[in-house]
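Asks: Given chain A, put chains B, C and D in place with the hints provided.
There are 4 protein chains.
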Amino acid sequence: MRLEPEKLAEIEALRAHQQPTRRATVPALEEILGLPLPVLDHGFVRVIDYMGDDAAIVQAARVSYGKGTKKPSSDRALIRYLMRHRHTSPFEMCEIKFHIKLPIFVARQWIRHRTANVNEYSARYSILDREFYLPDREFLQLFRIERKGPGPEQARLFDLPEPEVQATAAQSTTNKQGREGTLAAEVAAEVIRRMKRAAETDFTLYERLLGEGGEGVEGYGIARELARLVLPLSTYTQWYWKIDLHNLLHFLELRADPHAQAEIRAYAQVILDVVRRWVPLAYEAFEDYRRKAFTLSGPAREAVRRALRGEAVDPEALGLSRREWEELRAALPELATAERAPPRSQEP
Amino acid sequence: MRLEPEKLAEIEALRAHQQPTRRATVPALEEILGLPLPVLDHGFVRVIDYMGDDAAIVQAARVSYGKGTKKPSSDRALIRYLMRHRHTSPFEMCEIKFHIKLPIFVARQWIRHRTANVNEYSARYSILDREFYLPDREFLQLFRIERKGPGPEQARLFDLPEPEVQATAAQSTTNKQGREGTLAAEVAAEVIRRMKRAAETDFTLYERLLGEGGEGVEGYGIARELARLVLPLSTYTQWYWKIDLHNLLHFLELRADPHAQAEIRAYAQVILDVVRRWVPLAYEAFEDYRRKAFTLSGPAREAVRRALRGEAVDPEALGLSRREWEELRAALPELATAERAPPRSQEP
Amino acid sequence: MRLEPEKLAEIEALRAHQQPTRRATVPALEEILGLPLPVLDHGFVRVIDYMGDDAAIVQAARVSYGKGTKKPSSDRALIRYLMRHRHTSPFEMCEIKFHIKLPIFVARQWIRHRTANVNEYSARYSILDREFYLPDREFLQLFRIERKGPGPEQARLFDLPEPEVQATAAQSTTNKQGREGTLAAEVAAEVIRRMKRAAETDFTLYERLLGEGGEGVEGYGIARELARLVLPLSTYTQWYWKIDLHNLLHFLELRADPHAQAEIRAYAQVILDVVRRWVPLAYEAFEDYRRKAFTLSGPAREAVRRALRGEAVDPEALGLSRREWEELRAALPELATAERAPPRSQEP
Amino acid sequence: MRLEPEKLAEIEALRAHQQPTRRATVPALEEILGLPLPVLDHGFVRVIDYMGDDAAIVQAARVSYGKGTKKPSSDRALIRYLMRHRHTSPFEMCEIKFHIKLPIFVARQWIRHRTANVNEYSARYSILDREFYLPDREFLQLFRIERKGPGPEQARLFDLPEPEVQATAAQSTTNKQGREGTLAAEVAAEVIRRMKRAAETDFTLYERLLGEGGEGVEGYGIARELARLVLPLSTYTQWYWKIDLHNLLHFLELRADPHAQAEIRAYAQVILDVVRRWVPLAYEAFEDYRRKAFTLSGPAREAVRRALRGEAVDPEALGLSRREWEELRAALPELATAERAPPRSQEP
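Protein chains in written order, with my numbering: chain A, 1 to 348; chain B, 1 to 348; chain C, 1 to 348; chain D, 1 to 348.
Hints are not guaranteed to be accurate.
If chains are identical, the list can't say which one is meant, so a pair holds when it fits in one copy or spans any two.
[Claimed, not checked] Below, computed lysine-lysine pairings styled on DSS-like, alpha-carbon distance capped at 30 Å:
no., residue 1, residue 2
1, 292, 70
2, 67, 196
3, 70, 7
4, 292, 196
5, 71, 196
6, 70, 196
7, 67, 7
8, 7, 292
9, 7, 71
10, 292, 71
11, 196, 7
Don't read these hints as lab results, they were simulated from the structure.
Isolated chain A, as found in the complex (with noise of 0.2 Å):
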């Protein structure tokens, strides 16, 4: 990420105001305000201005008169009582303001979360900047073998077709895996080079879509809503986001989650480093409550009641999916000895 000198200098002189304020006011998250924090190759993430901290939560839930904290040990105990119970009033009496920058498939993501204020750049009336996004070899190759489309639960589930991909892909597992290590490098690199070449295309398309035109030069002067139709979902938009600490941990949890494309992930985890900063004891017991939380279903519930016990576990007797069984499994890898062998069919 690169800003032009013009931006830089508004940034600072931003930063070189101070005044004093009754609010509640967090040191740590001071320091960062308004710098741009680098995301992807051209994006950022700014903290514009919050409002709240930690014992913002406690004075809330408390409906105090002043600050509404104690000591910090029950602050922090209340902290986690409210998080713990999904009380979610209180943390939505903190609220923050960033200006981000990404690429419009992200964004198109992103907007989904719609208990949010959003403002953004206009491309109907503005000249959107010639940057788009490309993926680095590294990424691209990981992507190449592990997430070409739905895993096949999906595909049957949702009725889509199955993605050839996974036929090859075990092909590769037996004679071609050495080779495709190699080549893959090659290939990422040759993606990447036309993924760009095309961007290119496209904006200079853009640029003489809008352009005047005149002697020697070619110009349509088409109106600047039509014309940045021909532009790739890779080109990076801005915007003013404003959402409460509650709303702000829910995206995070979906959207920090190995779940999430790693392009929003990579946001979400700068974003998580500013919730850190800004509301610690918040950030602590979201991670304990939240992020490495694992909920058991009603069948999962026996599943574990059973281990416990020394007994045996038929996960598909208790109606558990085969999917389901290794999540679990995932979460308390002790559950895998417990078991029960399939039967084998061809025993006397």
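Replies: Below, chains B, C and D without anything else, positioned relative to chain A:
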């Protein structure tokens, strides 16, 4: 409104603490931060925190890197443009948090505004103070005459029984008018005495239901969540309430309106003053484009056009109901002269 | 619950009218459409309308052109997959509308669920019926013993005075237990008599405040919006309430939970039965993945893993509070045997 | 718009199935239920389901036991009253669900309306069809002349560079006007050819990135979620979209407005027709009180009052900007004659 000394001490401790911040700060709002602004007999409004100022609206509308403002005159023009064209998202970028003490029947109207965050004092776990709202005398007299129930139009539309009082009120305009005035004061005093006695009886029962009893002392040891249900709707509750500026203005448009019940209007008036301190440019635009504005329906527009052409206007022929025409004439009193005299049926 | 003959006639007229439709239709729900399902002493829940069924969830998840379903078994699997992975948007594609009659103190808890549409009967314009809620005797006895206020943990965390009753309750376990049982029935009856008398007194005042008075009849002609504030929180109100299935399940998860107040839980139970009729597959998934589920926090997961390995578990060392450990043992009773005996300090 | 035979068959199967229901039913809407109503070159709007009708608005407003309607004329009057006084909650009691196919750049504007439920076709797991939007020729010509970017007022307020085309446009009015007309058609054709070629190139790359490759066939086996980012913003997507009537009318007020981009307006027009079929009384009230309405600001009201009194109006002295005055004159053309002639400075 009277606060216990320990609550005042908590508020003072909160206000005494100042810290430097890089965030947008509004000195005129800092002045009253945390102070209880009295409303009704025991209620208050306290500003606990805020995010943003007039410049923050501009900053979001321009998706700026810095403060976003250029010169005051152009900021004002942009804010007015946004308000006029109902570009609401930049106003959502400001947020404010209140601590409010209010009677339950007011809280029930208030909570209908769903786009806000609320933390209410819990009467399941806590014991409510012996505080209830009593209307004052002049106020009650006013209401005795003016607003006893639905207007005849509402009664007809919603299928409600028309209040008999309408007839009585008509009577009183003729012969009892004078006496009514003096009588009303006594009646109002009597009504307030009765309301007070009833509320005190209810609170006494509440305390007995909660009490443990003991030697010679009556007490039933009932759960708080059940004991409370003998309390009247005039009982005071309190909550933390957080909302963005756009939704706050919408709340104020409805609740500071003469059609709103006087008690919630009293809160809206105090909050209007807070908004004027906080975002004076947005406040001015709100006054011009919302509070002083009047919306001409299609038929009303036609009526105004005819009047401007010097033609006579027949409201009924244009599809305007009697009440619509009255409201239009109240907004544009000059229309009265344009109204076509109703045809006199006795003419030859 | 008893309805006036003209209301029953209106309901019958509504139910008698059938029309053909191309929309998703659920015969089991049509059966009870419009019928008042009784709750508490005067309350009810009536299903007024609904949109969608189990197949509509599948249809939206697959963004189908037709019904979207393939065969029942795969629909069930997809719905369970969506519920398990908290893919909430397909459940939002079903909607239901209720007419509900409920006491005001229940309505105040209910309205905290903001993602719903509400139309409440107006006590500003209409006169409320003389109907109020009285808990029944067994119920009150139960509460006298179990839930007099916050638990000791809540009192400590929220900075509330611990209810004295805790001490009393401890006493009663020793010597007064027997008497308590029989006494309680009398006390409960006495409490209900008092609540009833108080509510009747309040309603009588309400009617006088509203009344016009006349020869020998007391009456003050006060506005409806003001007269109502002498009414108790047990007064019945009614509203139309419309919500999507995802948000309804969230409501039920919280309000059918044993921690919810018994009165709102009574409504949640009736609505659970409605949901089972309406979307049986979603209901079953909701039971397995929400209602019977238990979430293991990070530390709790560690405790379970140790127990599965046959190791002793020291909850405190893992950072589990006493109450967390109790809840965990309640969910997985087999853990009790794994708990490390607390070190005996008197040991040599 | 052309649909594959199997999709048409699915739609036919859906439509063929009718069942009796006790719910509010609208025959005029049943007629088109499930049918794809074409929009733009490949898009459509399909009504999938609906809840409520005009009578349901009345029923909720009256919190009725039965249908709630009395006679058609009073229902109409109540609906108009509710619309006029912005009593929005009864309109929220109707709900509608659509299946919509639309270009991504339109979807990005659409999704800004947050009070709706959405299920979008996933390009992470599925492969997008080779379908993209191309504006038609007349349309493009229109835009070339009229809307190349922000107006001068917007440019100034939002701190945007004023589009140079403004000057050019001025030029063309003098000497190139005639040629411009004929030239424009050729230019438009050329622009569309270029847009088409670019989109096809992008789609070909997309397919190669996804492809497995093989003997003589290029293919890179890239993950779907990454391959898609080379696609243009003109690519078609589709979603299920569900919204209540109040929020739908708000969407239509903004998106059927001449200031909206023509492409989203095309969808809004089709949906307006759907609303007219569904709730004709609410539609009529919406036309009169929203679409044909004009809001007079405080200063504008003063201007109208002066004109009605026959006085000259000086917009600037009243605080009306040039553009506000123009909009006011467009709404009330008779005002033009009232405008005070600007003082001529060259006068003696």
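Asks: Which of the stated hints cannot be reconciled with the structure, identified by number in ascending sequence?
Replies: 2, 4, 5, 6, 8
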